[in-house]
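Use these hints to put chain G with the ligand onto chain C, whose structure you have.
If you're matching them up, the sequences are chains C and G in order.
FYI, the numbering for the first sequence is 1 to 212, going by the working numbering.
FYI, the numbering for the second sequence is 213 to 554, going by the working numbering.
Simulated from the structure, these hints should not be mistaken for laboratory data.
Yeah, the Cβ is synthetic: ideal placement off N, Cα and C, and Gly gets one too.
Among these hints, one or two may not hold up.
[Stated by the list, open to error] Listed next, the in silico EDC-like pairs over lysine to aspartate or glutamate satisfying Cα-Cα at most 16 Å (straight line): (1) G:K342 x G:D298; (2) C:K86 x C:D156; (3) C:K41 x G:E431; (4) G:K544 x G:E452; (5) G:K283 x G:D341; (6) C:K86 x C:D5; (7) C:K41 x G:E432; (8) G:K342 x G:E356; (9) G:K342 x C:D99; (10) C:K41 x G:E395; (11) G:K455 x G:E533; (12) C:K86 x C:E58.
[As the list claims (entries may be wrong)] Label pairs and their computed distance ranges (CB to CB): (13) G:V376 x C:D108: 25 to 35 Å; (14) C:R3 x G:E358: 54 to 64 Å; (15) G:F333 x C:S2: 49 to 59 Å; (16) C:P4 x G:G315: 33 to 43 Å; (17) G:T273 x C:D157: 51 to 61 Å; (18) G:R474 x C:G202: 16 to 26 Å; (19) C:F119 x G:G357: 27 to 37 Å.
The residues making up each chain are set out below.
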Amino acid sequence: MSRPDLGIIGAGRVGTALARLAMRSGYRVFLANSRAPESLKLVAEVLTPGATPVTAGEAASRGGLVILALPIRRFRALPVEELAAKVVVDAMNYLPEEDGIFADVEEDSRSSSEIVQGFLTRSRVVKALNHVGYGELEEESLPGIEGRRAFALAGDDPAAKRAIAELISDLGFDSLDAGPLSEGWRFEPGTPAFGGRYTASGLRRALDAATR
Amino acid sequence: MEIGVYSFGDVQRLPGGQLGSTAEAIRNLLEAIQLADQVGLGFFGVGEHHTAQFPASTPATILAAGAATTKRIKLGSSVIVLSTDDPVRVFQQFATVDAISRGRAEIIAGRGSSVESFPLFGYDLADYDKLYAEKLDLLMKLNEGERVTWSGEFRRPLKDALVVPRPHRGRLKIWLATGGNPESSLRAGLLGLPISYGIIGGRASRFTLLANLYRRAYEEAGHDPSGMEISVASPGFLSEDAKSAKDTFFRHWSRAIEAVARERGFPPPERRRFDWESNRDGALFAGSPEEIAERMVALHRAMGHVRHFLQMDVGQLPHREYLRSIELLGTKVLPLVDQELR
Ligand SMILES: NC(=O)c1ccc[n+]([C@@H]2O[C@H](COP(=O)([O-])OP(=O)(O)OC[C@H]3O[C@@H](n4cnc5c(N)ncnc54)[C@H](OP(=O)(O)O)[C@@H]3O)[C@@H](O)[C@H]2O)c1
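Extracted from the complex, chain G is given alone in its bound form:
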């Protein structure tokens, strides 16, 4: 199983308590990508966000810098909010990252759970589902060949349009991202796309049912079985010992969740619940390397996912501790998981 990291570009907190600069957050993110590559991790994802805490608004730009300064790690969006972007542009940007990295770029496309990109780019949220379906359709079409003829509802038709550069190996890997809505698992299976589950709370193994739905739909649609792949993205954090990993992560994760909770009208997270979710079958992978390796393997046995990647830098988590966590993930967790699943 491939192990990796994803990030929305967490800003730091300054000694005086104010938020640090968003520009620094982007540089920190690049450093994290480079370290992840050095410690042998398989994937780094950058997730589009447009907030003062999470300024990674243009994943492809950051990934291009990563592509030029890393050797082996795969680089992807996690996710790109396709509904409010131009699929032609998205394709070109990731094909460019793919050219620079010689075939290491991937697109994880999703609807995005936050909707701040809709007003920002002038889209109407009422079109949420239709926008997504149409743009995904065009994106897949662009992946098939360099000349594209296509028409849809939200833009003028493309007639034999040339879209370059072409990906290093002809095609980009495009994953469909979902947070648990059954229709998305069905759709990914029917379209024959690999699927990426964002499992951010509760019991992680509840997604096993959805994974089964995805596999059934994929098989019944008759797609090439080699493309049937599942990945899991979840919050997580590593320290040498379990207690300090959980304490540190709770401090920052709860701050990030609190902000969302306030916006969406649910109560702030409680430590008791966090402890439940960051043990056994919970969705939060904060702990010691041994513990996290064991929990990833257990989930793998239920879900059969081929990649598990963690979001560690949330709620102004100190950059140094973030880097240390990435290092532990590569040097400790990865070999343990490999050993167990060999």
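Chain C on its own, in the form it takes in the complex:
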């Protein structure tokens, strides 16, 4: 089966962990930080051998799927044009204790991924891969096994969600459709699903138990 190329914007803890996992199951990965690709050369060589360092714009245009793994307070720097029509995974969280107070999200009652979708109006945003610690991604990945740890995904485009469900499965986890993007708040920080270890059925209950 042919897999789409993966663009990852943000080459920090999460971005590099996702890059390694994805390459393990045969994805080509284009990795970007906020600067010129040269700044990523050594990081890519040592931490994610095989991944191609590119600019954020190139990660967006070359990726069939694009993962956002940068701090949310930088989301307005995203390459809107290059991301148009793309399936975009929003793995970002808003944690005031780490990010500081960020008015764009703080003063908006929508889930953070709806705010990102509101900025990337022509992209198909799927919220996913945000409610797991980066270290656990590689520790707990079980490719090809059923009944493993499950991750939620929320989005408004069914085809985009199917693509991300496949990606998550390739990364070594089950996935669970949590509904439209407006349901994404159910696995944001502070909910039972956030950081919790669940198989799909447990995750369903955790999503249902969320309150706001």
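Just chain G with the ligand, lined up with the frame of chain C:
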């Protein structure tokens, strides 16, 4: 490999259940530093925090008291939140500790994982990365000589300013602290600084990749290889037997983690996960001296670190048990590690 301790100054819990005084926590911390020296440990770090549970807000002040009352142990911040401090002041304070201790002071500088110092000192978290880079740059400059000319974005320039006292041996050792962000490993290597990894959860050996990145960057930048050093800081606790060490530590560690978890919206720690993390390749070094020595040596073989230091006093861990744990670390773990790595 050097073995040591670090602390944020844990307050005690009173018999009635309330938190004990923050002043007492500072005195307890000083006693711990003195004991660590007496039992032969190589390093004691004090980590800047500003909370009711962790009141060690001014590491250099505590370390100065430690410097005056210890003989051999190295004394450092672990970490000092450089982004919200004045590098000139930080340098002067640690140079003073260094003078008192005749060359035993070190600075471990980091961005800090908690951000309570930003509002406290009137800084904007939006400047997080820029503040850190600029202040680290000035701090390194101050270490080069007593007359400093420097300019940056966040303060007025320094013109041929005199910064004293000077460190006992001319320079302070300045480490860069990181919790696993790749950019920090790269930066430390490019700057030619020793690096200190805070490994507080998950599999400890996942940091081996970052250590490789640090070494590669360090070598490619062409710095003097003798300064290429890695240390590891992690939670841990010792009792004579493994089970009581893990039980005691879980009781207190989980309380401390729970508070952070509540703030950051993730679930409280589970005992099952703790047991996984406090065995084999996990990041928590709670156990018997034999077990901990063995696990430190195993990690050393993967990471090649020159120092491993443990944070034991968290979540109102009783002071007496804390002191006992420090004693075991010095009298039991240290000789076992020495023997293995000789
Ligand atoms: N840490 C976790 O366990 C975890 C888990 C799930 C989700 N998340 C979320 O994932 C995101 C990243 O977290 P992290 O822990 O990986 O952070 P990190 O280690 O600090 O890395 C952040 C990365 O984002 C890059 N970046 C910053 N601004 C950018 C921009 N304008 N364009 C492109 N890249 C940019 C940084 O590059 P520069 O070096 O050039 O600044 C860096 O590579 C956050 O939103 C976080 O909430 C984190």
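Here's how the hints hold up against the structure:
{"no.": "1", "hint": "G:K342 x G:D298", "result": "14 Å, holds"}
{"no.": "2", "hint": "C:K86 x C:D156", "result": "13 Å, holds"}
{"no.": "3", "hint": "C:K41 x G:E431", "result": "15 Å, holds"}
{"no.": "4", "hint": "G:K544 x G:E452", "result": "10 Å, holds"}
{"no.": "5", "hint": "G:K283 x G:D341", "result": "37 Å, violated"}
{"no.": "6", "hint": "C:K86 x C:D5", "result": "12 Å, holds"}
{"no.": "7", "hint": "C:K41 x G:E432", "result": "12 Å, holds"}
{"no.": "8", "hint": "G:K342 x G:E356", "result": "22 Å, violated"}
{"no.": "9", "hint": "G:K342 x C:D99", "result": "14 Å, holds"}
{"no.": "10", "hint": "C:K41 x G:E395", "result": "12 Å, holds"}
{"no.": "11", "hint": "G:K455 x G:E533", "result": "14 Å, holds"}
{"no.": "12", "hint": "C:K86 x C:E58", "result": "13 Å, holds"}
{"no.": "13", "hint": "G:V376 x C:D108: 25 to 35 Å", "result": "51 Å, violated"}
{"no.": "14", "hint": "C:R3 x G:E358: 54 to 64 Å", "result": "60 Å, holds"}
{"no.": "15", "hint": "G:F333 x C:S2: 49 to 59 Å", "result": "54 Å, holds"}
{"no.": "16", "hint": "C:P4 x G:G315: 33 to 43 Å", "result": "58 Å, violated"}
{"no.": "17", "hint": "G:T273 x C:D157: 51 to 61 Å", "result": "57 Å, holds"}
{"no.": "18", "hint": "G:R474 x C:G202: 16 to 26 Å", "result": "21 Å, holds"}
{"no.": "19", "hint": "C:F119 x G:G357: 27 to 37 Å", "result": "48 Å, violated"}
Comparing the model with each earlier hint shows violations of hints 5, 8, 13, 16, 19; every other hint is respected.
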